[in-house]
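Given the coordinates of chain A, work out where chains B and C should sit on it, guided by the hints.
Listed in order, the protein sequences are those of chains A, B and C.
Taking the UniProt record's numbering, the leading residue of the first sequence gets 1, the next gets one more, and so forth.
Taking the UniProt record's numbering, the leading residue of the second sequence gets 1, the next gets one more, and so forth.
Taking the UniProt record's numbering, the leading residue of the third sequence gets 1, the next gets one more, and so forth.
Bear in mind the hints are in silico, worked out from the structure with no lab data behind them.
This structure is a prediction, so every number in the text was calculated from the model and none was measured.
The reader is advised that the hints may include incorrect statements.
[What the hints assert, rightly or not] Taking lysine to aspartate or glutamate pairs in the EDC-like style, the calculated list, with each CA pair at most 20 Å apart, reads: (1) K178/A <-> D194/A; (2) K2/B <-> D172/C; (3) K168/A <-> D194/A; (4) K187/C <-> D75/A; (5) K2/B <-> E72/A.
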Amino acid sequence: MASITLDKVGKIYAGGTRAVGDVSIDIADGEFIVLVGPSGCGKSTLLRMVAGLEAISEGTVRIGNRVVNDIEPADRDIAMVFQNYALYPHMSVRQNLAYGLKNRRTPRAEIERRVAQAAAILQIGPFLDRKPRALSGGQRQRVAMGRAIVREPAAFLFDEPLSNLDAKLRVTMRLEIKELQRRLRTTSIYVTHDQLEAMTLADRLVVLNAGRIEQIGTPLEVYRKPASTFVAGFIGSPAMNLISSRAVPHLPAAAQAGTIGIRPEDLSVAPDGPLEMEVLAVEELGAQRLVHGQTGGERLTVAMPSDAPLSDTLRLTYRPGSLHLFHPETGRRID
Amino acid sequence: MKRTLFRNQWLPWLLLAPQLAITFVFFLWPAAQAVRQSFLRQDAFGINTSFVGLANFRALWNSPEYLNSLQVTAVFAVLVTVLSMGLSLLLAVALDRMIRSASLYTTLLVWPYAVAPAVAGILWWFIFNPTIGIMPYVLEGIGYDWNHISSKSDALILVVIASAWKQISYNFLFFVAGLQSIPASLREAAAIDGAGPVRRFFDITLPLLSPTTFFLLVVNIVYAMFDTFAVIDATTEGGPAQATNILVYKVYFDGFVGQNLGSSAAQSVILMGIVIALTAIQFRYVEKKVAY
Amino acid sequence: MIENRPGLTLLAHLTLMAGVVIVALPVWVAFVASTHTATDFMSGTIPLWPGPHLVENYARMLDTGVSTSGTPPVGTMMLNSLVMALLIACGKIAISITSAFAIVYFRFPLRTLAFWCIFITLMLPVEVRIVPTFQVVADLGMLNSYAGLTIPLIASATATFLFRQVFLTIPDELTEAARIDGAGPMKFFRDILLPLSRTNIAALFVILFIYGWNQYLWPLLITTSSDYYTIVAGIKRMADAVDGLPQWHLVMATAMLAMLPPVAVVIGMQRLFVKGLVETEK
Chain A
1 MASITLDKVG
11 KIYAGGTRAV
21 GDVSIDIADG
31 EFIVLVGPSG
41 CGKSTLLRMV
51 AGLEAISEGT
61 VRIGNRVVND
71 IEPADRDIAM
81 VFQNYALYPH
91 MSVRQNLAYG
101 LKNRRTPRAE
111 IERRVAQAAA
121 ILQIGPFLDR
131 KPRALSGGQR
141 QRVAMGRAIV
151 REPAAFLFDE
161 PLSNLDAKLR
171 VTMRLEIKEL
181 QRRLRTTSIY
191 VTHDQLEAMT
201 LADRLVVLNA
211 GRIEQIGTPL
221 EVYRKPASTF
231 VAGFIGSPAM
241 NLISSRAVPH
251 LPAAAQAGTI
261 GIRPEDLSVA
271 PDGPLEMEVL
281 AVEELGAQRL
291 VHGQTGGERL
301 TVAMPSDAPL
311 SDTLRLTYRP
321 GSLHLFHPET
331 GRRID
Chain B
1 MKRTLFRNQW
11 LPWLLLAPQL
21 AITFVFFLWP
31 AAQAVRQSFL
41 RQDAFGINTS
51 FVGLANFRAL
61 WNSPEYLNSL
71 QVTAVFAVLV
81 TVLSMGLSLL
91 LAVALDRMIR
101 SASLYTTLLV
111 WPYAVAPAVA
121 GILWWFIFNP
131 TIGIMPYVLE
141 GIGYDWNHIS
151 SKSDALILVV
161 IASAWKQISY
171 NFLFFVAGLQ
181 SIPASLREAA
191 AIDGAGPVRR
201 FFDITLPLLS
211 PTTFFLLVVN
221 IVYAMFDTFA
231 VIDATTEGGP
241 AQATNILVYK
251 VYFDGFVGQN
261 LGSSAAQSVI
271 LMGIVIALTA
281 IQFRYVEKKV
291 AY
Chain C
1 MIENRPGLTL
11 LAHLTLMAGV
21 VIVALPVWVA
31 FVASTHTATD
41 FMSGTIPLWP
51 GPHLVENYAR
61 MLDTGVSTSG
71 TPPVGTMMLN
81 SLVMALLIAC
91 GKIAISITSA
101 FAIVYFRFPL
111 RTLAFWCIFI
121 TLMLPVEVRI
131 VPTFQVVADL
141 GMLNSYAGLT
151 IPLIASATAT
161 FLFRQVFLTI
171 PDELTEAARI
181 DGAGPMKFFR
191 DILLPLSRTN
201 IAALFVILFI
211 YGWNQYLWPL
221 LITTSSDYYT
231 IVAGIKRMAD
241 AVDGLPQWHL
251 VMATAMLAML
261 PPVAVVIGMQ
271 RLFVKGLVET
281 EK
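Next comes chain A alone, as it looks inside the complex (with noise of 0.2 Å):
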């Protein structure tokens, strides 16, 4: 077990393309944090520089109290689970258990020990002498997730360790890999572009755009006060409505140069709602409905019931105080 910290950390390439820079987080011992980003946002690189698979250009990492830049990953007692699982194919599911703590010289009681009882956590014992290939997708992600296991680590890296499962397995892997952090409470990064397994996962988010930090927070501070445009349209789903102050009749006046942001759950139909929205498609997702249309030029996305009144145009409302405001330039939340 061991804090994080990342300090200033950069990443340039050998063609001196930026993937990261100036990235500083502090990563408290057992906690579960979780970087999150579209594809190319530098998450991955930032993990795998945490791993020891990335050499670091700039800045420091520490696990611990050690700083690890130079130390070859096997000896920075971490374990990592990749998103294509990357489970020897030729061992059996034991034999992929044991190799690092075989390589390690672990005696061979205290591997069966630790490996039967990762196979008991995971509930993987009866595929202990199978290959990976003759396993479900889940079960060798659990297999992976025991690789990690095993080893004990200061801090387990997930890069992207759900995105090549269905739909439906992911939901439940994601709760399994969430008791069992709180179980074990290892320190743990976990990189995903998917934005409900970070909400959902999350002790903190980090959420990246090209590169750098746009906003560190719990996923609720993230969620309710988005630091910028980026954040706001990333985060939430559906989407928050990103739309010109000018289409928003009635603004204080701090907020008349500005972009808007008003997360479709916070508008409602009013039949003196300040806006008027015309219904361009309708989504019926069976809970609620999600009504797409344009106001003054922009389009808006509604979350509403799915037993309101629809009709071609719709005057609606936001909840009081629900509204976001940004820099126009910038895109940084002015609060």
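For chains B and C alone, coordinates are given in the frame of chain A:
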């Protein structure tokens, strides 16, 4: 290109050392020697060597024997390639219609790959043996007097048959693979468009097979030019009257039997040029195979 | 098949059967010849069906050979061929797989040059540089030795490229997982790469065994002592020697024995053989 690499400066050299050492000592050094010797000439006693520039090459160019050998090689390579690829394509197309018996036929057709060219030569030499072989006996029945020991064309036909026979299985396997990689849907679409089996073969199968055909063309020419040494040596030894003296055989014969090192070296250099050209063609166009 | 045309299918069967006959004909003739005695050839043409002397002829060749031809017993030559084929196959695989490992998994100065050095061997078949290569081997005192028979033939660009191709398809994550699991380069090579290349190694082995067994020109030049004759090269010496005497039944018995091991390998391991053949040409 690998993302993950090991950082070690001396280990890769250690791993490469055996391969590089052998390549240098037995490939690059001798090749360099051949190039060097091609510019030298030894006197009759092998004592004095003098630099003669391009004289060895010029001598080849003016040598009727060498020009004959070039011509024999060209004719031989074309005949072997056409005969072997033609038969193989026919067999592969026939096999493509088979479902259950395909693997049995394949087994029965692929094993000649394993027969050494020298042995293939001996086998056909025996079959065509003018006194006791069965083929001359059969040919006599239709009024042809076969004798590859005295007849130049008979000798050439013999080595062509032996060389082509040995190569049938190789071509067959690649044609079968090529045919299988043509999506059935294309031929089905053509059938729906009203094309019969023959028309489908020429309009769909053959064009789509062209990458395989081209690849095999190069491979077969290389085979006929270089790997058939054993066939020639085990049967005709270049004769009669130079009728089967292909380039590789002449290099060997002039170098070892004739002891004409300068000329043999110059011939080696020309052959290297030919292999380099063929390899370049192969790599250039085989890459495009992926486009299909 | 798109439509059912029994006529075409019949034609295809006939074509294939004719192919099988053409392919088998010379071997059948050789087999028949190898089961007769020398006097059976005196009638003018050879018989078409096997005779009763199979065991006798083969036993004689394996055990003593044709003493007048100056070749050792076929048994000895087959043993030499076996040693040569195994050494060439194993040697090529060993040096190619380590070379490919170095080229794929390391970046080092002059890497491209090393790659081209290996590549160029493709363009220098032994036949075209036969005289100087022979001189090198003679100067190194490697004539009449297994080393001389095999080492000059074991550099291989094709095998190196094949393994390079195989390694390139092994996911990076596997290497990363191994690094995190504490495996250094050689441990990774032994524990992960070698087991994962197993079938490729086996397929390549089949091809290279045949290649090694069937070598002709090289052993012919390198071996002047009959202790090191290989069967494929020896058969020519034998045929030359018996050309005057009608001992074709013994030459054909030798030819059959020369074919037997590689043909058995191709038929017995057909799937590996086809895989090896197709892969080495990629």
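Against the structure, the hints:
1. K178/A <-> D194/A: 15 Å, holds
2. K2/B <-> D172/C: 7 Å, holds
3. K168/A <-> D194/A: 14 Å, holds
4. K187/C <-> D75/A: 16 Å, holds
5. K2/B <-> E72/A: Holds - the C-alpha atoms of E72/A and K2/B are around 18 Å apart, at most 20 Å.
Comparing the model with each earlier hint shows no violations; every hint is respected.
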